[in-house]
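Protein chains in written order, with our numbering: chain S, 1 to 179; chain G, 1 to 179.
None of these hints come from the bench; they were simulated from the model.
Mixed in with the good hints, there may be bad ones.
As the list claims (entries may be wrong) - Residues from chain S that keep clear of chain G, each with C-beta distances beyond 12 Å, as calculated:
1. S16
2. D55
3. E82
4. G84
5. F102
6. D104
7. P105
8. G154
9. R168
Stated by the list, open to error - What follows is a list of derived Cβ distance ranges for each label pair:
10. A15(G) / L109(S): 48 to 56 Å
11. A123(S) / L109(G): 53 to 61 Å
12. D104(S) / S28(G): 48 to 56 Å
13. P20(S) / A31(G): 34 to 42 Å
14. L109(G) / E100(S): 43 to 51 Å
15. V176(G) / S28(S): 26 to 34 Å
16. N115(S) / D114(G): 55 to 63 Å
Don't be surprised by glycine CBs; every beta carbon is placed ideally from N, CA and C.
Spelled out, the chains give:
2 protein chains.
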Amino acid sequence: MRHEDPERLTEHVIASPPSPADRDAYRSLVAAAAKTVALLSTTSGGWDHVVPVTDFLSVSYDPPTMLVSVYGLSRIAEAIDESGGWALSILTSEQRAVAERFHDPGGPLVGLLDNTPHHRRAAGEPVVIAGCLAWFRLRTVAAHDAATHRLYVGGVVAMGRAGAIAQRPLLREHGVYRD
Amino acid sequence: MRHEDPERLTEHVIASPPSPADRDAYRSLVAAAAKTVALLSTTSGGWDHVVPVTDFLSVSYDPPTMLVSVYGLSRIAEAIDESGGWALSILTSEQRAVAERFHDPGGPLVGLLDNTPHHRRAAGEPVVIAGCLAWFRLRTVAAHDAATHRLYVGGVVAMGRAGAIAQRPLLREHGVYRD
Numbered sequence: 001m002r003h004e005d006p007e008r009l010t011e012h013v014i015a016s017p018p019s020p021a022d023r024d025a026y027r028s029l030v031a032a033a034a035k036t037v038a039l040l041s042t043t044s045g046g047w048d049h050v051v052p053v054t055d056f057l058s059v060s061y062d063p064p065t066m067l068v069s070v071y072g073l074s075r076i077a078e079a080i081d082e083s084g085g086w087a088l089s090i091l092t093s094e095q096r097a098v099a100e101r102f103h104d105p106g107g108p109l110v111g112l113l114d115n116t117p118h119h120r121r122a123a124g125e126p127v128v129i130a131g132c133l134a135w136f137r138l139r140t141v142a143a144h145d146a147a148t149h150r151l152y153v154g155g156v157v158a159m160g161r162a163g164a165i166a167q168r169p170l171l172r173e174h175g176v177y178r179d
Numbered sequence: 001m002r003h004e005d006p007e008r009l010t011e012h013v014i015a016s017p018p019s020p021a022d023r024d025a026y027r028s029l030v031a032a033a034a035k036t037v038a039l040l041s042t043t044s045g046g047w048d049h050v051v052p053v054t055d056f057l058s059v060s061y062d063p064p065t066m067l068v069s070v071y072g073l074s075r076i077a078e079a080i081d082e083s084g085g086w087a088l089s090i091l092t093s094e095q096r097a098v099a100e101r102f103h104d105p106g107g108p109l110v111g112l113l114d115n116t117p118h119h120r121r122a123a124g125e126p127v128v129i130a131g132c133l134a135w136f137r138l139r140t141v142a143a144h145d146a147a148t149h150r151l152y153v154g155g156v157v158a159m160g161r162a163g164a165i166a167q168r169p170l171l172r173e174h175g176v177y178r179d
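So that you can see chain S by itself, here it is in the shape it has in the complex (with noise of 0.2 Å):
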């Protein structure tokens, strides 16, 4: 029985407001889950925006509904409150090199597709990344605000595959990247 020992509880209590120090135990235990990688794409004003993102699920299958959360300040929240649709394409584990080129936030928007193949179907509709395992594309149906973050729901327009030629999705655990 050595998952009882109530010895082996550790317990951290959250001021309020939070201190550094809660702020960075939090960060490093939640950091704990493994998540999977997509890249979160929108059009807006006639400009691409592409980030990363882990903070995703699904919500609902009737109708196809899901969630991204981004952080409310962002460029790309504001371009997806303006445009009101948004892609997410779920990466495959050979692809960590095509998410690490859309780590920079505030990095240029000119040329920031030259080097990623990907398909458009309309013009001002969201990029899709190829060869990724899975993409949506979606209409925001509600945000609502969360502490630092935008919480956008969507539902889903229009999904299928886009040639993934590996069939695990990119992972990130502890802060990397696991292929």
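Guided by the hints, dock chain G onto chain S, whose structure is given.
This is chain G only, laid out in the frame that chain S set:
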């Protein structure tokens, strides 16, 4: 440039309202994302409620904030609405059998935790599963309905480790566990 072949892109457009085929296709596609498994727990009216969840995420570090999505008409949603608080225990790759014990959302509440080592810091608080990778106790700060589900946003009030032996999380992918 095999990834650029446009013929490799498949597209399934969702009808409004979605057909059963739309829902099935969505379920199949979105299952490609690997997700970490946690047990969601709460207490209400003197009863413990525990269900496995994969649809949770970290929303914010400041203050530490998480989100969980559950079926809106479920018993656990009703219990969280009543109690205002919940806990997440992130399971390890060795705890697949623990998750499976709680698969029946309508199973008996009597004796629910009899065979599952757990911790409870104070009467009325949700349990933490012994041996888990990390645990978080939360107070609901917002709840949003989204299609068939209800999204609970919670502020983390306490968190810690619980004597995990394995260091990897339990994953679910394509509807099955990967341990």
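Hints, verified against the model:
| no. | hint | verdict |
| --- | --- | --- |
| 1 | S16 | 8 Å, violated |
| 2 | D55 | 5 Å, violated |
| 3 | E82 | 22 Å, holds |
| 4 | G84 | 16 Å, holds |
| 5 | F102 | 16 Å, holds |
| 6 | D104 | 20 Å, holds |
| 7 | P105 | 16 Å, holds |
| 8 | G154 | 10 Å, violated |
| 9 | R168 | 8 Å, violated |
| 10 | A15(G) / L109(S): 48 to 56 Å | 34 Å, violated |
| 11 | A123(S) / L109(G): 53 to 61 Å | 55 Å, holds |
| 12 | D104(S) / S28(G): 48 to 56 Å | 34 Å, violated |
| 13 | P20(S) / A31(G): 34 to 42 Å | 39 Å, holds |
| 14 | L109(G) / E100(S): 43 to 51 Å | 47 Å, holds |
| 15 | V176(G) / S28(S): 26 to 34 Å | 29 Å, holds |
| 16 | N115(S) / D114(G): 55 to 63 Å | 57 Å, holds |
Of the hints listed earlier, those the structure fails to meet are numbers 1, 2, 8, 9, 10 and 12, in rising order.
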